[in-house]
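Enquirer: As a plain string of letters, each chain reads:
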Amino acid sequence: MEIQVENKKKAEITMRLSEFEMPPMQDVLLVGKRAPIGPEATRRMVDILSPEQYEIIKVDHTVIEAIVVRKSLLHMLQQEKLIDLILEEGGKIANESMIIKAQIHVVLHVSKSIDL
Amino acid sequence: MIRQVSEIMIKNFTIVNALQSVEYIRNIYAEKEVECFPVTEEGKIIGILTSKDLMKSHFNRIAADAMSGKFQCISPSTPVWKAHELLNEEGMDALIVQENHELVGLITKGLLKAELGKHIDLLTDLYKSDYIYYHAAELMEAGHEISIIFIDINNFGSINKELGHIVGDKILKEVALILQKNLPQETFLCRFGGDEFAILTPYYIHECKMIAEKLLKAVKAHSFPDNVPVSLSAGIAGGRRHNHRSGDTFPTVSNLLNIASIASTKAKKELSNLFVGETGFADGIAQTYSS
Chain A
1 MEIQVENKKK AEITMRLSEF EMPPMQDVLL VGKRAPIGPE ATRRMVDILS PEQYEIIKVD
61 HTVIEAIVVR KSLLHMLQQE KLIDLILEEG GKIANESMII KAQIHVVLHV SKSIDL
Chain B
1 MIRQVSEIMI KNFTIVNALQ SVEYIRNIYA EKEVECFPVT EEGKIIGILT SKDLMKSHFN
61 RIAADAMSGK FQCISPSTPV WKAHELLNEE GMDALIVQEN HELVGLITKG LLKAELGKHI
121 DLLTDLYKSD YIYYHAAELM EAGHEISIIF IDINNFGSIN KELGHIVGDK ILKEVALILQ
181 KNLPQETFLC RFGGDEFAIL TPYYIHECKM IAEKLLKAVK AHSFPDNVPV SLSAGIAGGR
241 RHNHRSGDTF PTVSNLLNIA SIASTKAKKE LSNLFVGETG FADGIAQTYS S
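Going line by line, the protein sequences match chains A and B. First residue of the first sequence: 1, per the working numbering; consecutive thereafter. First residue of the second sequence: 1, per the working numbering; consecutive thereafter.
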């Protein structure tokens with residue numbers, strides 16, 4: 001008597017659609033010293049995706065090689081102060097092989113008084 | 001003759017593009033065992049990627065992000081000694097050899113180390129005479145007058161015969177150390193051969209004599225193994241011209257070395273320890289000094 005074996009293969013497909021973040025690197029990227037993408041590749045990627053909008057700053061840090069910053073942030077804050085702040089916070093969680101993206105919101109509070 | 005980089009440079013090198021991945025270049029490295037790669041972009045050399053860079057960089061990185069090597073361009077006629085100076089002083093990893101703006105070769109640290117090892121005397125760790133020829137040429141090109149002090153150890157043959165070559169070698173080592181310690185920084189010392197040492201100085205004769213006398217005294221005052229009494233004879237040549245020495249440096253230095261060596265032999269024979277030889281020395285124009 002012949003035994004019949006039935007083979008069935010099925011594939012389940014799940015799709016997740018979302019809008020491509022533009023630009024994908026948000027406000028700041030911290031590039032680790034041994035990250036898969038170095039500052040030069042990042043510069044080229046950023047220049048192609050968002051020309052003239054980002055600046056790459058090489059830093060002297062134990063694990064971070066460079067920081068990519070949205071230029072508009074540098075118009076609002078002094079570069080040194082911003083970099084110090086990013087390194088202080090980012091340096092706590094980054095390691096050599098990571099690339100970390102960060103969102104930075106700057107809100108300026110101005111209060112003035114005038115003579116009536 | 002002084003060796004030039006064209007004689008030792010790597011001619012069969014691989015150029016990589018700034019956008020090529022570290023992984024791709026690692027494969028070339030594994031196949032060809034090349035010590036470093038010139039990195040180019042749009043036909044221009046933008047950096048040097050060393051084997052160390054390849055080891056420590058993430059495989060996904062592009063060459064432009066992995067290269068850390070410093071480099072400088074030199075011509076094929078650059079003396080190997082000059083290349084050695086550049087690599088050490090400037091902290092370079094490699095030198096690019098260019099001819100008519102075209103990349104023709106590479107000089108790496110390892111390559112130079114192997115080449116210059118041939119010019120180091122294994123017993124005393126001093127350079128051999130090629131070193132003096134190169135620095136003499138440099139000094140002359142810079143408009144300096146040069147002088148040579150030629151030194152040999154008195155009765156060294158007898159020391160070797162009576163006390164053995166091991167003691168003889170120890171004495172040679174110690175004499176080399178004493179000479180090194182007592183020489184000003186801007187002089188260049190080499191072991192010329194056997195029990196002979198040569199010193200190139202950028203000084204005029206008066207200063208040169210003072211240095212030679214200081215060396216003779218330092219050796220005389222030193223206690224050598226087995227209390228062997230050791231003394232030196234020295235001959236001096238050059239250090240008299242106030243005008244720029246013209247012409248090929250090689251025959252000039254050879255001539256000065258020759259005059260100084262003859263003067264040293266004469267000092268030894270006359271037991272005067274220090275003798276100043278001059279051009280035309282054979283005619284007997286000479287002066288003796290006792291130390």
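Calculated directly from the structure, the hints in this document are not laboratory data. None of the values given here were measured: they were computed from a predicted structure. One thing to keep in mind: the hints can contain errors.
Pairs of lysine-lysine, BS3-like flavour, derived with a Cα cap of 25 Å [what the hints assert, rightly or not]: (1) B/Lys118 <-> B/Lys11; (2) A/Lys92 <-> B/Lys113; (3) B/Lys52 <-> B/Lys128; (4) B/Lys209 <-> B/Lys266; (5) A/Lys33 <-> B/Lys266; (6) B/Lys170 <-> B/Lys268; (7) B/Lys161 <-> B/Lys70; (8) B/Lys217 <-> B/Lys268; (9) B/Lys32 <-> B/Lys52; (10) B/Lys113 <-> B/Lys128; (11) B/Lys181 <-> B/Lys44; (12) A/Lys92 <-> A/Lys58; (13) A/Lys58 <-> B/Lys52; (14) B/Lys44 <-> B/Lys109; (15) B/Lys170 <-> B/Lys181; (16) B/Lys214 <-> B/Lys269; (17) B/Lys170 <-> A/Lys58; (18) B/Lys56 <-> A/Lys101; (19) B/Lys52 <-> A/Lys33; (20) B/Lys118 <-> B/Lys217; (21) B/Lys56 <-> B/Lys161; (22) B/Lys161 <-> A/Lys58; (23) B/Lys113 <-> B/Lys52; (24) B/Lys70 <-> A/Lys58; (25) A/Lys58 <-> A/Lys71; (26) B/Lys161 <-> A/Lys33; (27) B/Lys56 <-> B/Lys128.
Enquirer: State for each hint whether it applies.
Expert: Hint check results:
1. Annotation: proposed proximity of B/Lys118 to B/Lys11 holds, straight-line Cα distance about 21 Å (limit 25 Å).
2. Our distance criterion of 25 Å between C-alpha atoms is broken by A/Lys92 and B/Lys113, whose separation comes to about 43 Å.
3. A C-alpha spacing of about 32 Å is found between B/Lys52 and B/Lys128, which places the hinted pair above 25 Å, so the restraint is violated.
4. Taking the CA atoms of B/Lys209 and B/Lys266, the gap is near 16 Å; set against the 25 Å cutoff, the hint holds.
5. Between A/Lys33 and B/Lys266 the alpha-carbon distance is near 66 Å, which puts this suggested pair outside the 25 Å criterion.
6. Only pairs whose Cα atoms come within 25 Å are accepted, and B/Lys170 paired with B/Lys268 is accepted, the gap being roughly 22 Å.
7. In summary, the hint linking B/Lys161 to B/Lys70 is not supported, as the alpha carbons are separated by about 52 Å, beyond the 25 Å threshold.
8. With a C-alpha separation of about 15 Å, the suggested pair B/Lys217 and B/Lys268 falls inside the 25 Å cut-off, and the hint holds.
9. Restraint check: the Cα-Cα separation between B/Lys32 and B/Lys52 comes to about 15 Å, which is no more than 25 Å; the hinted pair holds.
10. The straight-line distance between the Cα atoms of B/Lys113 and B/Lys128 is roughly 15 Å, inside the 25 Å bound, and the hint therefore holds.
11. The straight-line distance between the Cα atoms of B/Lys181 and B/Lys44 is roughly 46 Å, outside the 25 Å bound, and the hint therefore fails.
12. With a C-alpha separation of about 18 Å, the suggested pairing of A/Lys92 with A/Lys58 holds against the 25 Å cut-off.
13. A C-alpha spacing of about 21 Å is found between A/Lys58 and B/Lys52, which places the hinted pair at or below 25 Å, so the restraint holds.
14. Of the supplied pair hints, the one linking B/Lys44 and B/Lys109 holds, its CA atoms being roughly 23 Å apart against a limit of 25 Å.
15. Distance check on the hinted pair: B/Lys170 and B/Lys181 sit about 17 Å apart at the alpha-carbon level, within 25 Å; holds.
16. In summary, the hint linking B/Lys214 to B/Lys269 is supported, as the alpha carbons are separated by about 21 Å, within the 25 Å threshold.
17. Restraint check: the Cα-Cα separation between B/Lys170 and A/Lys58 comes to about 54 Å, which exceeds 25 Å; the hinted pair is violated.
18. Only pairs whose Cα atoms come within 25 Å are accepted, and B/Lys56 paired with A/Lys101 is accepted, the gap being roughly 24 Å.
19. Only pairs whose Cα atoms come within 25 Å are accepted, and B/Lys52 paired with A/Lys33 is accepted, the gap being roughly 15 Å.
20. With a C-alpha separation of about 32 Å, the suggested pairing of B/Lys118 with B/Lys217 is violated against the 25 Å cut-off.
21. Pair hint B/Lys56 plus B/Lys161 does not hold up; C-alpha atoms about 56 Å apart against a cutoff of 25 Å.
22. For the hint pairing B/Lys161 with A/Lys58, the CA-to-CA distance comes to about 66 Å; that exceeds 25 Å, so the pair is violated.
23. This hinted pair checks out: B/Lys113 and B/Lys52 have alpha carbons roughly 17 Å apart, not beyond 25 Å.
24. For the given pair, B/Lys70 sits about 17 Å from A/Lys58 by alpha-carbon distance, which is consistent with the 25 Å threshold.
25. Distance hint between A/Lys58 and A/Lys71 is fulfilled; the C-alpha atoms sit about 15 Å from each other, no more than 25 Å.
26. Proposed proximity of B/Lys161 and A/Lys33 is contradicted: the alpha carbons are some 63 Å apart, above 25 Å.
27. Taken as a hint, the B/Lys56 and B/Lys128 pair is broken in the structure, with Cα atoms around 38 Å apart against an allowance of 25 Å.
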